[in-house]
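Novice: From first to last, the protein sequence lines stand for chains A and B. If you're matching positions, the first sequence starts at 1 in this note's numbering and goes up one per residue. If you're matching positions, the second sequence starts at 1001 in this note's numbering and goes up one per residue.
Careful: at least some of the hints might be erroneous.
Examples of chain A residues toward chain B, derived with CB under 10 Å [unchecked claim]:
#	residue
1	Gly10
2	Val25
3	Leu52
4	Thr99
5	Gly114
6	Leu157
7	Val162
None of these hints come from the bench; they were simulated from the model. Remember, it's a predicted structure, so these values are computed and weren't measured experimentally. Where is the CB? At the ideal position from N, CA and C, for every residue including glycine.
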Amino acid sequence: MSAPVVRKVGKAVGKGWPWFLFAGVAILWAYSLPHADFAFGKKAGENLASFLVEMASVLPPMFLLVGLFEIWVPRRVIERYAGLRSGMRAVPWMILLATLQAGPLYVAFPVAIGLWRKGCAPRNVFIYLGAFSAMKIPMLTFEVAFLGWRFSLARTLISIPVFIALAVAMEKLLPNDYRPPYSDSPDGIAAAVVQTGGMPLPSPKTLNSSKGQNSHAE
Amino acid sequence: MISLWIITAVALLVSLAADRRKTRAAVLKGLKMFVGVIPMLLGVLAAVSLVLTAVTSQMLERILSGAGLFPFLSALGVGSIALIPGFIAYPLAALLRQNGATVPVLAAFITSLMMVGVLTLPLEARYFGWRAALLRNGLAFCGAVIVAVGMAWVLR
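Isolated chain A (complex conformation) (with noise of 0.2 Å):
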């Protein structure tokens, strides 16, 4: 095999995995209807049918939340309460944001994401993040009744100054002018949306420069 063919079945892979994974589960649940004690296949399958029904209830939501909340807020008000300048103050809002919500954790990145592009310093979006991996309202309910009190007391009460570190850190680690990229398309959200057929929408450029949105929001 030359090596063009060999990368061209790379990036096949490398594209095409999760579609491969689905269908492989998808493929040993169908083969477990009639194989009754194929309980691999038939377990695999309704786990994979209950996580999908998890993010078939959170997720559409949650990403037309993350829509509005970019087309809406606009960028100064993030800024002044969450940007590199806030300072500690933000850290109770990012706190309050993140226990408020339930799921997994990957629930939580479309608005981490969108909280970074609107200008969010690094470091508010990953006390968010820790927050919300460690102390969630709804979860906390379920480990009080299984584990007790003074468990779930006593690692909240840790976990806090541990995330905020971490998440500190991240900022400090992270190069100074690093962007996460666009979660969809390699052209980015923001041209999608002006792809919405002739109508004057913002342009990718507008949307991301405070005055440019500001300017349209008038």
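Got chain A sorted already, so can you dock chain B onto it with the hints?
Specialist: Then chain B, alone, in the frame of chain A:
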């Protein structure tokens, strides 16, 4: 879950009343983002469900019960790799405690489970880039160790 849908519906209606064109742009933006991560999400969830099926509760009970360094390290390892929903993880942790799992082991398991996600790394990297995703998980792993050790000390 329902409150999330209600909040979203109210926000959409308010936005629609204020400006139809901006609402359209916002919805398109959100949908585009969602559709963009669906393949990766399906792949990661498929991988998670395979691991969750292969690793049974009995297996975890055997590895994580008892005291000492080995259950502690396995708790960190299992917790970091797997993504176990809370409604399975907490009952399992309670069962582990009945079987003699110590506080540091339970803390290491629960904390790493929530803060570190090796299986969801591709998804996280898609949002934040590999550099930030790897860094966050590495630091979160250290954080899980610190929290577990701290809990061992507080709940002696």
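Novice: Valine 25 (chain A) was flagged as interface toward chain B. Is the shortest Cβ-Cβ separation under 10 Å?
Specialist: holds, 4 Å
Novice: Does leucine 157 (chain A) meet its interface restraint, that is, does its C-beta lie within less than 10 Å of any C-beta in chain B?
Specialist: holds, 8 Å
Novice: Can the hint on glycine 10 (chain A) be confirmed by a CB-to-CB distance to chain B that is less than 10 Å?
Specialist: violated, 16 Å
Novice: When the nearest CB of chain B is found for leucine 52 (chain A), is that gap smaller than 10 Å?
Specialist: Because about 7 Å separates leucine 52 (chain A) from the closest Cβ in chain B, which is inside the 10 Å limit, the hint holds.
Novice: Grab the minimum C-beta distance from threonine 99 (chain A) to chain B and call the hint holds if it beats 10 Å, violated otherwise.
Specialist: violated, 13 Å
Novice: Holds or violated: is there a CB of chain B closer than 10 Å to the CB of glycine 114 (chain A)?
Specialist: holds, 9 Å
Novice: Can valine 162 (chain A) be said to touch chain B, with a Cβ gap under 10 Å?
Specialist: holds, 5 Å
Against the hints set out earlier in the document, violations occur for numbers 1, 4.
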